[in-house]
Each structure stands twice: as structure tokens, then as C-alpha cells.
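S.K.: Fit chain B to the given chain A structure using the hints.
As a plain string of letters, each chain reads:
Protein chains: 2
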Amino acid sequence: MGVLTLDDPIVFMRTDCHVCRSEGLSSRSRVLLQSGGKSVVATLYQVASEMLDADEAGLSEAAWDQLDVAEGDPIVARHPNPLASFAHVRSRIFGSRLSEVQLRDIIGDIAERRYSAIETTAYLVSGSSFPMDNQEMHALTKVMVELGDTLTWPGRPIVDKHCVGGLPGNRTTPIVVAILAALGLTIPKTSSRAITSPAGTADTMETLAPVDLDLRTIRQVVEQEGGCVVWGGAVRLSPADDLLIRVERVLDLDSEGQLVASVLSKKVAAGATHLVLDIPVGPTAKIRTSAAAAALASKLEGIAGQFGITTKVVVSDGSEPVGFGIGPALEAHDVLAVLQLTPGYPTDLHLRACTLAGAALEMVERAAPGTGVAVAAQAIADGSAWLKFQRICEAQGGMRAPPVAALTQPQLAQSGGYVTAIDNRKIARVAKLAGAPGIPAAGVRMFARVGEKVSAGQPLYTVHADTGGELQYALDYVSANPDIIRVGDQRNGARPTIGDGND
Amino acid sequence: MGVLTLDDPIVFMRTDCHVCRSEGLSSRSRVLLQSGGKSVVATLYQVASEMLDADEAGLSEAAWDQLDVAEGDPIVARHPNPLASFAHVRSRIFGSRLSEVQLRDIIGDIAERRYSAIETTAYLVSGSSFPMDNQEMHALTKVMVELGDTLTWPGRPIVDKHCVGGLPGNRTTPIVVAILAALGLTIPKTSSRAITSPAGTADTMETLAPVDLDLRTIRQVVEQEGGCVVWGGAVRLSPADDLLIRVERVLDLDSEGQLVASVLSKKVAAGATHLVLDIPVGPTAKIRTSAAAAALASKLEGIAGQFGITTKVVVSDGSEPVGFGIGPALEAHDVLAVLQLTPGYPTDLHLRACTLAGAALEMVERAAPGTGVAVAAQAIADGSAWLKFQRICEAQGGMRAPPVAALTQPQLAQSGGYVTAIDNRKIARVAKLAGAPGIPAAGVRMFARVGEKVSAGQPLYTVHADTGGELQYALDYVSANPDIIRVGDQRNGARPTIGDGND
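First to last, the sequence lines map onto chains A and B. Numbered by the numbering used here, the letters in the first sequence go through residues -2 to 500 in order. Numbered by the numbering used here, the letters in the second sequence go through residues -2 to 500 in order.
Next up, chain A with everything else stripped away, as it sits in the complex:
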């Protein structure tokens, strides 16, 4: 019927059709549809109008694609088998631990799209309220790997890099991949789209080159260039993960256990042997204290080790956004400025990328201890990282220029003084309300930094949007939240430096 519902398979049937009557189906029933060898569990919406004939069923695009049917094909509709694995979720809500077998049942059913949004939500929240233990995290990671495809590579080390997120504009990945591949390392990087942020690495990279590559093409790109930056969801490295992320995005929630498994399942499936982990810490970042960062780091290192992956954690300053751009295209412009060392390039993004690349170089003994950052910075300075990045983009299908928004609106300082704080979550919210990540050009471009002096009337940031409705929507939120950027009389205390983990 041409109805777009994202991943949600929906079937429309007449209330008075013989299938609804003989099977006792009612609206919102879950229905198993079968055609040829394919099947899908869909939500039934009954129709009491002449939109359909009594012997017709209408399908949403998701149901249509999964059933792989053509107009007029016969389909069979009946009650699906009871969702036995949901009993595990229910007992998890009330505090029981989940075994590997139970997790395989749950994640398998989610990957097969047997869970409705309600059931997926209950599973996700059950693991947030009452955190998973190490055994559960290990089992969940294992199960998520086993349900998908895996990549293997002839040599080693295979390097990977991950940031736990929560810091707008922290788009180091394309730069780190370019540096490490330029220096001869292998880094087959799969990234996700935004979960709760205005842009994921895959969203940003997509404004520069295609990212939805299949496994064969990823292998070709990496064999040829040593690295890639692709969307993990296009390959089935951890097929349940993107379905979970869709719901997490609505909830603006990701739980520690799910986060560990989501990150590591993709690293294991991608064949990584060494992993650099960026954990930004700040009062409005995802991780808010050094203690929380240390706890998460130890969990990630521990589980990664059980899968043979050596991990180096870099705790970084998460007190304010990184670079200037927040939103897919705006962040891509920052990436390009760092790689090309364009005058006025964001020095914080440059330093962060070199710090992470340097940690990787030292970990795999391609740089002496203490020299990694300098080796990485040299690869940018001599242009080799920029050259490598262009070659990677070409290999992925062709480099392109990131889009520019149709509408921009600056936000001015109401009074002069020092910038004392920037609320990461609220500024990210502005970027999302303006349309990011769905609209690649939308977002926010920051001018102010914590500790900087500003005069009244000076622009603090600019909102970028493609439509008037979205621009207004973001501006309404800005008006209602005067504390997004705080300006005070006194310069704030010392700011933490990268790598020290104070907050």
C-alpha cells in the first residue's frame, strides 16, 4: 500500500474478512504472514471501510519487502506462536538474571522482528533499571555476534576505535582512520548512526561518501586502502543492534549492558584485535564522573579481553562540544578542516584525533611510548592522512561535498562576560529539533567556548535548518531554555585536559 513505517511491518485487513473472523484476530493483534518460503510477524490494523476488499490484505513497505511478494500474490495470515522469550524479559524486570540461552532467545526474536515496539522497550528498560552483570554482558555480546555475519582478516593487528558518545561534535573517527591507514595499519571501521545524538559517525561520513557498503565491498576497500568508515547497519554484523537502536532513540536511553554489547559485538564481528576507547567525561556528557568512566572502562576492557581484544581507554574532557559543528554535514566540515589544516581549523578536534590515533600506534608498537600523538600529528601535517582519506572515500564509492543548510539563524549573547558552561544535552537538543540527523545539513555551529570572553550581541552559535518549521521549532526551544550557554562575570576554574579524566 506504499505505507512507510520504518521497520514496523503492518498488515491491513477488513474487520469482516474471513481470516479475521475464523482466526479471531482483532486490531493490534500480532499476525504471522507467510508467502512462498518467507514469513513476517506484523501488527494488524483492521479496516472498516471500502479501502480494501474482504479478500484483500494491504501491507506496509516493511512487510512487503520482508515477505518479498508481488501485487496479487496469495498470503497466509494466522496467529504467530506465543512469544516464549518474553517470559525471560518479564522475569528480568523483576530482578532475575538472564542466561546465555535466554538472551539468545530474546535477541534472536528481536532480530527476527518478532518483538513489537512495546516488547522491545520493555527489554531495553529492564536492562537499564537493574544493570546487567559481567556474565550477562559477555553472553549478550556473544549472542549478538553469533546472530550476524563476521569479518576475518589475514594479518594482525586489526585496529578499531570507539567513542561511547554523548559529546556533540566529537567526530574523530574519520580522522583517526585516515591517520592510521596512512601509517600502514588496518582499521576496518563500522560505525552506527545517531542513537540519542544529532549525528552518528555514519551520518557524518555519509555526507562525504557512501557508507552502506556490503561485506564484499568493505573487504575490497580495506584490502586496498587499509581502512574504511562504513555504516555497520548495512552489513549484518550485529543484526539486532539497529532494531534496538531505533527504540533507544525514541527513549533517548542507552543502558550500560546494552552499550557494552552493542559496541563490542560489532568489534568482535569486525575481527578487531586492538581497540582504542574514547570516554568523554563531563557534567552534561553521557558519562558524568571519572568514577563512572572508570567503571564503564573496566567493564568494556574486561568483556573485550574475553573475546581476545586488547583495549586502551582514553578518558577525555566532556565538558563542552568538540569542534564547531553539531549535525552530520556541519561535523563533516570540521573533519575536512582538520585533515586539510584549513586556517581556523578546530584545534580541539585535531588534538583529540591525534591522541586517540597515538594511543593506537603505541598499543600496537608502531610508536614508542609517549610519541604516539606526535607521530599521528605528523601524518596530518605532511598531508598523508588527507590523501588517504580521499582515497578511502573514492574506494567507498566516490567523495562528495557535504550539504549546506538553506536557513541559518544566529543566537547572540544577551550580556558580556565569560562563557562559564555549555549544556551538551540542550545544545544537542537544539540541533535535533532543527532536523539533525535526518536532515544532514541541519544542526548547530558553535562559536563560543567555555572560558572565552564574549561581548553582548556577539554570536554564540548559529542554528542551521532546511525548513522554516524546523528552524522555528529549534528557536522555540532556545527561547524556553536561556541556560544552554551560561555567561558569567568570572572565568571558570581550570578545565580538565584530555586524558586526565577529571570532571
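Careful, some of the hints might be misleading.
As the list claims (entries may be wrong) - Simulated coverage check for chain B against chain A, where a stretch passes if three residues somewhere in it have a Cβ under 8 Å from a Cβ of chain A:
1. 5 to 14
2. 90 to 98
3. 124 to 133
4. 168 to 174
Since the hints were made in silico from the structure, they are not lab data. Think of the CB as a built atom: it goes at the ideal place given N, C-alpha and C, for glycine as much as any other residue.
M.R.: Quick look at chain B alone, frame taken from chain A:
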């Protein structure tokens, strides 16, 4: 468009329509629709076919009814305001307590249908994993009352009765109301439909008389007859509650805090001064141990007291289903048999109803301590309760005969011996798979009792269904679960008696 989605308002718009483009709306966006003075937040499904013109929007029946529009009326569609209250849910998931103000925000948004199913699920699970404290339960109850209508009565006492559920066939309410009203008490009883069970009291009562009465009619019935048994959802006594129950039903979950507030908000709104609470305890009932029953009872009594309601808790035997029928009409037949003392009437249901009615009579000093059960039983024996019940049904709109299922299938004992256990949850599942409560005639009729001797080939229970599909679906589950009724060589140990609470 005649699309039935239960409570879910849905709007269909063309992907290329100017509203989607200018507002930046995408599939599954939440959209605020306005027409005349009415508004509704709906989920957008985009349509890429010719089903709609570019300047048309199609509405599901729920959206149509809430907007109160006619074919061709203009509607305005835009982004809804951000759902600010969901931030409270998110912090609750991670362990923060909710204040009365925060709960009013959340429950108000739910009552206004601003929460999607995903968000409602997250709220419900957040209160299950990490139970609400007394302050939260009190505040939630208060808020749920304030958001709805209330009933007031000239005299007092106003009696009410509630069972926390979990025990199939435990349909005492119509009998208790008939007894107490026959004895001159006032009992304006509002009941819910099934949450996780094959029948709620409102579902059962509806097979005997109309239950969706408005406030004015309820007042008339109670003024005339002293009592009623109506569906609480038809009046706005606690308007968020039925929306929450819809999601709880999918999850097969109700949390203690939500349960306390759900029960008490309706009692407070109905103007109750005295409450008898039935808490069945058994290994497969909702409450499984006497300790859990005592904890729940103390919470309910404590919160009820804060609203001026005196409570008497009756902990009852929850080790097996009550009466013979499980399912709306099958339970109604049991109610009629008890009230009419038909030969072979279910004695357990009779005793339970008299016990609860007796507790109410003693609490309001209409029976001397220790004599309540006998006074209640006398009202059945002398026919006054049956007469009163018929008058109540007539006053509610006319008494009718409960339907009988088209198909029945007996399940026979595989071997002889004693019935040692009946799994309440599994037998309830059979009734639900057979179509209860949606199909009123569907369900299970029990023949076996724990402790009884059965011979091989003797029927243990009969499955009732209206369609072959549903009958088969229930029978498949029966085949896969041979332990629904256990038959062993030895009679089980002593069974707990009503009121003692052992399990």
C-alpha cells in the same frame, strides 16, 4: 480511513506533501493535529502511493473521533511540543524518585494521549524494576484521581470491594454487590476489564447487562438499587488507567505501585469510605507468598488510609481457579448458579463471596463480629441477593443471557490418580488463546479440583471457542504443556483454607 488501531491515533500523509516537507516530518514522527478547538498527537505513517492526494491526510478512527472532524474538514499538522515529562521517566529508570509534580506531568501527558506506546511502556517498566515508595504511590493515586471525574454520595458508609486478581474464575464481585445492596448497603462498584487475565469483572458483567454507563446513570442505578457493577473505563474516574492497562496487557505485567494507584484512585474517585480487599495467594497466583501478600496489604491499607478509606484485607487461597468457568460468559454462568443456588453450584465461589461480603458487613457494623459470613449467606439463601441482582441488571439497561461457545473440546486425564496441582497461569493462557476476553463465550470450563481423585479418560476441563482457528491455537498450547493439571499417585498435603494466607 476506517482504520481501527484501538487507542492509537494515526495519521497518513503523502511523503511528498507540503506539510511533511515544510515541517520536516518523517514516518513514525509524532505529529500534533488540530481542527476546530480539538487536537490530538498522532503517529505519522507516510504514504508513497496514490492512496492519498498530496493535500489529503487520512486518519485512523481513534484520531478521527478525538479530533471530531468530518470528511473534507481542514486540519493543521505540526510538530508537537517536546514531551518534557519523559525526562522524569528517564531519570526514574535510573533510580530517581518521582515527585507529585513530576507524576502529574507524566500521568497528565498519558491521559492526554501524548505518550506513544514506547514511552508508556518505559514508564510502566521503570516502576516495576525499581518499586515505587509510599510517597510515590500516594502521589500517583492523588494525581490519577485529580485528572478524572469523581462521584460523591449523600450518606455513608460507601462500601467498595477489590480483588488484586491473578486467580482465574474468582468472580465474586457481582455476588458481593448483590448481597450488600440487598442488605441495604451502598456499593457503587466500578470494575476494570481484563489486564492480564482471561476476564475482568466488567467483561463478565457485560455478558449479563450493559456496563458502559455514564456518571448520571450510575448515580441513578445506585440511588435506586444501592449498588451497581459497571465498567470504570466508561466514566473518567481515572482516565489514564485504562490507557496504561492496554499496555500492561501486552506486557502481561502490572507493577505494585501502579497496581496500588490503579486500585485506589478508582475507589477514591468513586467516593468509597470502606474497602474489602481480596488477595489470593498461591504458587501460580499473582501474589505467591503470604509475606508478599502482607507487604501489598500493608501498602494498600496505608495509602487508602491517607485518603480516608478504612480497609479490611482478606487473604484467600490462590492455589487453583475458583468456580468452574474461566472466561467472561463461563464465569457469568457461575455467578448465576451461586445466586440461584442451582444444584451443583460452585461452592468455593459461594464461600468466597460470602466471606468478602461478611467482612464488609462486620467492618461497617451491620453484622456482629464473627457473624458476617452467615448474614451474607442468608441473603443468598432467602433469594434476596438474586432478586437484587436482577434489579441491578435491569437498572443498568436490561438483563441478558450470557452467550455459549460454538465449539467445545474436552481434555481428558491421561492417567488415573489424584489432582496434585493446577497451574493458574497456564490454564488462564489456554482461555486467552481460545479467545477470552475478546470473545465473551470463549474460555475454559474446569472439572478437576486439587486433591480430587480422577480416572484415566475422565475430562479435566473443556476448551470453549467460537472459531476453529482459536480452538486449535489453544489446543496446540495444551499439547505443548502437559503440566497444566498434574495428576499423581498421592493426594497432596493439606490445602490452605480461605482467610489463612498460607501457600
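S.K.: Next step is simple, just say for each hint if it's right about the structure.
M.R.: Hint by hint, here is what the structure shows:
By the rule of at least three residues with a Cβ nearer than 8 Å to a Cβ of chain A, the coverage given for the region 5 to 14 of chain B holds, with 4 such residues. Under a criterion of three residues with beta carbons nearer than 8 Å to beta carbons of chain A, the stated coverage of the region 90 to 98 of chain B is upheld, 3 such residues being counted. By the rule of at least three residues with a Cβ nearer than 8 Å to a Cβ of chain A, the coverage given for the region 124 to 133 of chain B holds, with 3 such residues. Only residues whose beta carbon comes within less than 8 Å of a beta carbon in chain A count, and the region 168 to 174 of chain B has 0; fewer than three means the coverage is violated.
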